[in-house]
Amino acid sequence: MRSSARNRELVALVPVALLLTAGFAAVFAQEGSRLGNLSAIYGAYFFAVCLATHIYLRIRLPNADPYLFPLMALLTAFGLVMVYRIDESLARDQANWFVLGLVLFALTIQFLRDYEVLERFRYTIAAIGLLLLLAPRLPGIGQQVNGAYLGVKLGPLQFQPAEFSKIAIVIFLASYLREHREVLIVGARRVLGVTLPPLKHFGPMLVVWGASMFMLVFIRDLGSSLMFFAAFLALLYVATGRFSFVVIGMAMFVVGAWFFASTVPHVHDRVEIWLHPYNDPTGNGYQILQSIFAQADGGLFGKGFGQGLITIPGTNAALLPAAQTDTIYSLIVNELGLFGACGVILIYLLIAARGFKIALIAGDGFSKLLATGLTAVFSIQAFVIIGGVTRVIPLTGVTLPFVSYGGSSIVANFVLLALLLLISDRARREAVEPAGRELALGMT
Amino acid sequence: MAYDPISVALKFGFLAVLYLFLLVIARSAFKDLRRTTSPAPDATGFHAAPAYAEAPRGVDAWLVVDRGGGLEPDQRFDLIGGLSIGRSKDSDVQIEDRYASSLHARVFERGGRYFVEDMNSTNGTLLNGATLKGEAELIDGDTVQIGDTEFRLEAS
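The listed protein sequences correspond, in order, to chains A and B. In terms of the working numbering, the first sequence is numbered consecutively and its last residue is 444. In terms of the working numbering, the second sequence is numbered consecutively and its last residue is 1156.
These are computed hints drawn from the structure, not numbers from a lab. Computed from a prediction, not measured in an experiment: that's the story for all the values here. Watch out, some of these pointers could steer you wrong.
[Unchecked claim] Chain A is faced by these chain B residues, among others (derived, beta-carbon under 7 angstroms):
| id | residue |
| --- | --- |
| 1 | Pro-1005 |
| 2 | Ile-1006 |
| 3 | Ser-1007 |
| 4 | Ala-1016 |
| 5 | Phe-1021 |
| 6 | Leu-1023 |
| 7 | Arg-1076 |
| 8 | Lys-1089 |
| 9 | Glu-1096 |
Ideal placement from N, C-alpha and C gives every residue a C-beta, glycine not left out.
If we strip away everything but chain B, and leave its shape as in the complex, we get (with noise of 0.2 angstroms):
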């Protein structure tokens, strides 16, 4: 009963496609991590060290953060060209915010002179504590809440 034959190629057989389908997969693995170009700034990525970003030239604008949304405080973002708030991943400025739209709002100069514009996001927008409609104006000093989030304009 013990050394029937089957059972034993059962077993060994067994054993024998087990660890090759473990191969294989723990191969791609493998493959997975060599693929990964820029390796994370830490073991998960969550931490992203603050980026100042380097001032271009003409650039006399900036959205700065104050508190939340996942950002580090003091984070600057600058205003040439544009810049789109909200949850989604395509956004210029990504918030972490329970309460953000995934296009929430975006912050725009023109005729050099700097906007904040809703855009029809859930929640609203907050400009300095107002609830904004459409569009206005932004001056240096002015703050945009977002949900838990809140932004700052420091303009030269």
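Next up, chain A with everything else stripped away, as it sits in the complex (with noise of 0.2 angstroms):
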């Protein structure tokens, strides 16, 4: 069990730096000059990296689940052939982060292993996280970008401080919710036949729906409210099994983001661009229907690497606004198809399967939430910025995580990930252990 675990991963590392190689390959084949064997040191190179990595993996967290390091390696790849492709420097840079990301992701491991001290610390954590989501509109060092305020600027340092806040405030719900879950439970009563949580307990959802509801207004960012209530939601039905608690909730973020949407300007043009992209085609509607246009063009198989176009031929003008970041999808559709793109896909849902997974294995309250809260997380961002392009719902500026060009979500991601490796390592170990006395009382 011990080795296999490990043995998996490091089986499952050689196609991802195929896929890699293959990629970079392809868009050196499309520019012409240099298909010599440059695309096979860059494979080497992050086969090296992603083994640094198995092998610290394999000392200290030998138990760990086997394809979660994998998968998001793989998202990696697909970041760094497509920002390549876009822009050679951007592609520097962000290998940079990546062996970053690796590095916090290893500190993460080492002096994270009693992971349960986090909640002891939950509210000074949950101060930090709400101190990073508002640090974007301090005067002086907070920045706005299309209206929203996500990022901060210090000194030479930039960030977006909202991909380190939701994990600190995932870990703070989940605390609090381990501790909470039962009162939460126990008084609930039946109105009307639906379940509705105990009056004196509403108390923290209302305050956790006002402070999303905070956010769309002073954040001005939907996707960012949107994906801290909806993890909020998630561990919330996790901790009490009440799909009522759920429905309530989602009833009020509705009414709240309507109400937001038809008094705040920033938020309101956002909806309208997403209703009524056809008002302003070559203005506020241009990105997200060249959005929609880069994808249909793909087909099914795609164009292949390095032959979408990202700038009107001849000119600068930009055809696919915000390629690296926002539209990243959009020009994976293009290049690589509604193939590749299902394959993208099924790498998040592959992804939050293995977090569950981990979550049911667990044997405590806290990591069970922690889990579920980190893994919603993660995968609802992803839904966000891909439901964002395909106008499923209004397009806003969260990251593709592990793929966008961005070292704040790059890094970010990588400390969720030890954190989810840190819980699987515990929950694994656990499970082969006999579980003794316990089971012959019937209790789980």
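Join the two chains, each given in its own frame, into one complex according to the hints.
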């Protein structure tokens, strides 16, 4: 059991490195001049970095889930190839962030082996998470991008604090709900056939709802707001097992979002662009329309790596705006077609499946809720941006985890992966040990 | 340019390897699902149905949950053979409590009388509200508190 998990991980990393090599080879072949062995060299570098991480995991977390790391490495490979194909210098940054992300990944595993300490500092962690969320609105360091306040600039350092605060807030919610889930269940009353949470414990739900509405107004980002609230509802459902709480929460979110969409101008604009992109096809609606055309243009198998058009030929004007961040998914669909797109979505689905599996086998409530929350927030982020570029929901500026260009996103998501693997290692280690007398008592 | 054979081969090769890779991982996920012999009582295995242990003959004392600990109130544990209480999975009574140690306390029978003993826990054990030092005898109605979790002894 022990070595077989890590052996499967090692075997799975080989096709990932091969895919990266093939991707680069295809991009080079398209550029014509440099077919040579450069793609093999990049592939070898990538494999070496993954191998080093694998050996670290073999020593530190021998029982952890074997497929999470290869799946996330595959997403990174997608990101590196696509970003390289857009701009070589951006890809160099991206590769550096990948390595930096893995260093933080290793440090997290090193220093948070006993991740239960997180529970003791939950209020500190929650405060840091909220501060990070509000930082982009602080004068001097905050930055406004396309009307949303998402970035922070501290001297030469620029980052998107929401990427880190999502982890902090999930840790807090997992710890809070672990302790209060019983009172939420026991005090519930049925009113007109609907199970309502007890009134005095309704407070936390209102606080989280208020916080996500506050984000909608002050950070003006529907995507992050949706991401946080949906992760909260996922946790609430797992903690209480009451689907009615989820329905009530969704109704509250819809009502709140609808109210602010009709009163806050920036949010209103985003919704208008989503519903009626043709009202302003060369201005506000340009990005979403081009994103959809690019995807339609890909067909079943796509145009091939490096063959999609990002700028209008002969000019520098963008044909696909923000191709390296917001619309990178559309570019992947353009170049790899419907099959490539389904492949990418399958990767996210498999990651979600592995994550929930970890929650299933984890031994204690905090681990279960933490694994659920981290998996949920990661998957919902992917949904928010893929849904955005395919016009399922209004397009907002969150990143496609591990694929989009952006250091904060890559580093924060590797920390998230480290936490998942820590939980997984403990859960699988306990699962192979005999359960003892509790089984005889009928306890689970 | 558009139909360079190398590019086309690489594109389809890429998709083929990608799908093979995902297929292998998905298959292993299905295997995992099949391997789970005892299905969890619900989607998460979190809300285990209260396990009211059938009282074996000869038992005349139980540890009964009053509140907290991630256990159902009024859940009963028979005291035959003694019980260990703690946060670890190996405990007979596994409690989810921030203030509990992995092996926190034990309750046992000796010569027809029942005792509770604190196992050098970090945050201590309260017997009827007073800090427990070492071991002490338990009688019907005594309460044992560990962190936010409370038990009482029921003896007949």
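Verification of the supplied hints:
no., hint, verdict
1, Pro-1005, "violated (10 angstroms)"
2, Ile-1006, "holds (5 angstroms)"
3, Ser-1007, "holds (5 angstroms)"
4, Ala-1016, "violated (10 angstroms)"
5, Phe-1021, "holds (5 angstroms)"
6, Leu-1023, "violated (9 angstroms)"
7, Arg-1076, "violated (10 angstroms)"
8, Lys-1089, "holds (5 angstroms)"
9, Glu-1096, "holds (5 angstroms)"
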